[in-house]
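Colleague: Construct all of the structure, not just a fragment, from the sequences and the given hints.
Residue numbers (this note's numbering), protein chains in the order written: chain A, 1 to 275; chain V, 276 to 568.
No wet-lab data here; the hints were simulated from the structure.
Small disclaimer: the values here were computed from a predicted structure and weren't measured.
Just so you know, even glycine gets a beta-carbon here, dropped at the ideal spot from N, CA and C.
Treat the hints with care, since some could be wrong.
Here chain A is said to cover these stretches of chain V; the calculated rule only asks that three of the stretch's residues, wherever they fall, bring their Cβ under 8 Å from a Cβ of chain A [stated by the list, open to error]:
1. 361 to 367
2. 493 to 506
Which residues of chain A face chain V? A partial, calculated answer using Cβ under 8 Å [what the hints assert, rightly or not]:
3. GLU101
4. PRO102
5. PRO112
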Amino acid sequence: MTTVALIVDTFREAMARKIFWGLFGLSALMILFFLFLMRIDVVEGAVATITLFGNERTTRADVNVDELIRQVHSSIAGFLYTFGMFLAVFASAGLIPSVLEPGRIELILSKPVSRWQILLGRFAGNILVVAANITFLVVGVWLIFGWKTGVWTTAFLVTIPATIILFFSLLSIVAWAGVLWESTAVSTMIPVVVMILSPVLAQNRIAERLLSSQWSRDVWNTLYYALPKVFDTGRMTLNYVQGKPAGDWMPLWSSALFGIVILGWSLWIFEKRDF
Amino acid sequence: MEMSGELALETENLRKVFRNGWSAREVVAVDEISLKVKRGTTFGLLGPNGAGKTTFVKMVLSSCHATAGVARIFGKDSRLPEARRPIGYLPENHRFPTYFTGAGMLDFYAALSGVSAASRRTLIPELFERVGLDRQWMDVRIGKFSKGMLQRVGLAQALIHQPEMLILDEPSDGVDPVGRRQIRDVLRTLESGGVTIFLNSHLLEEVEMFCSEVAIINKGRVALQGRVADLTAGKGFRLVASRNGTRRELHVGTQAEANRAIDELRREEFEVESMQATASRLEDVFIQVVEKR
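Modeller: Printed below as a string of C-alpha cells:
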C-alpha cells in the first residue's frame, strides 16, 4: 500500500507540474498528425499516393509499403532516442530531488516506511510517468499505420522496452545526483552530459586508432563501456525496426546494468544520509 | 525501574556529532541525552535556539542517524520502520506539497501510515472538523491555505492513524488565539484518552499550561528534567510583617495558608505590612538554567 501511495504521489506531482500532460500532449499531437493529416493509399502492396496536409503526392511504383512503414517507425524511434530522452530527463529530473526538500522528507521518514521504499517508490513512479507516454506514442502510431496500411510489423514495439530501459539508466543518474546534492539543476545536467557524450564515446574504434597513449584509450573505453549507451541503443533499435540485423545487444543490457548499479548506490547513499 | 512497556520514549546516551567533510571540524549537536517519557504523559522539550532539540527529535524519528546511543519507541528500536507506526508527527518547518488538496494530503500520509482506503474515507472529513477546519477546504489545494490552516491540517495528518504518541514541533506556530485553544482542546482530549504527547515548543507558557513533565536541554545536554509542578514549586505568597522594629518574611504556597499565617501573625501582634503573590514560572526556571550554564 505504501509503495502504491508513493507511486501515485509521483504521478500526482507530475500532473500538477504539467510534466505528464506536457509529454502526453506532445505524443497526442504526433498521433493526431498521423491520424488526420497523413493519408496513405496502398495499391497491390505498394504505396500509390501519400497525402500530407491535403497535398497529394504520387510515389514511385517501387515504393514498398512495408519498407515505408519501417522507415516511419524508425523515424519515430529515432525521435524517442534523441529529443524524447532529452525531454523525459528535463521534464522529470525534479521529481526525485523535490521529495528530499527539507520539511517534506522528515515527515515522510517519520512514517513506518523504509528509506529504500521511499526512493524506489519515487523512482518507479517517475519511470511509469515516462513509460506511459512512450507506450501511448508508440502503440498509437503503430495502430494508426497498421489500420491505414494493413502492415502490422511488430518490430517497432521493441522501441517501448528499449527506450524505457534507457530512460531507467538515465534516471538512475538523476536519483544518484538527487540524493547526493538535492539539486534539480545538477540532476538534469549530469544525464544530459552523458547523452551528449554518448555518440562521441560510441566512436571508440576510431578513437583507438587516433589516440596515442594506452592510458587515454583505456579511459575512453572505460567511459564507453561503463556509461549508458544512448547512441548505440538507438542505432541498434533502429536497425531492428528497419528489419536489418540489430547486432550485439550489449548496449542495451550494459545500460540496464549501469542503471541497476547506480540505483543501488543511490539507495545506499539515501540510507546513510541525515535530513 | 520502569518496564520498557510503560515507556513511550526512551533514549540512552543519544549523541549526534556533525562533521564538516572539508575541514573535518566536529560539532556536537546532541551530547549523550538519556530521557524517559512514560506512556500517557504530556512531555515538553525546551531549550534555546541551537540547543539540539530538533536534532534530538530527528534522531528519535530516524530522519537523522545517531552517532551513538539508542532511541526506543514503546520498547522498539526507533530505527525500525515498524517502531514509528504508533507515532504521529508534526514537524516545525513543514513543507506540504502544494499540489495536494487538503483531503488528498491527509489521504497520502494516512496511506503511508498504513490506514486502509475505507477508513481514510471516513476519517478525513471527521479530522477536518476535529481540528477546526471547515469541510469545504477538503477539496481546495493547500497552496491556498493560510499558515494557521496548514498547522491544523498538519495536526490532522499527525492524528489520522490514531497514534499512541504525538510528537509536535511548535504546533501552534502561526495559529490565532482561538485556533490555539482549539488545538489545545484536541490535545487535551487525546491526553485523556491516554495518548502520550511530546511537545517541542518555544512557547514556555504553552508548555507550562499543557505539559506535566519537561526537560530543558542546553548545548546538547539535558540541563534540567522534572515535573512542571515541582519545578515551579516556588509559586505562592510572600508576607511581610513587623513588630517593634522586628521584620518577618514568610513564604506560603496557597491562599489558605496565607490566611492562616496572617491569623497567626496577628495573634502574635505583628503588623502585616504587605502580602504579594509570587510566581516561579517555567520561564524563570528556564532562564536560570540556560544562564547558569
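Colleague: For every hint, state whether the structure bears it out.
Modeller: Quick rundown of the hints versus the structure:
1. Counting residues of the segment 361 to 367 of chain V whose CB falls under 8 Å from any CB of chain A gives 3; the rule of at least 3 is met.
2. Evaluation of the coverage hint for the segment 493 to 506 of chain V: breached, as 0 residues show C-beta separations to chain A shorter than 8 Å, against a requirement of three.
3. At a threshold of 8 Å, the smallest CB-CB gap from GLU101 (chain A) to chain V is about 6 Å, leaving the interface hint in force.
4. The restraint placing PRO102 (chain A) at the interface with chain V holds, with a minimum CB-CB distance near 7 Å, inside the 8 Å limit.
5. Interface restraint check for PRO112 (chain A): the shortest CB-CB distance to chain V comes to about 4 Å, inside 8 Å, so the restraint holds.
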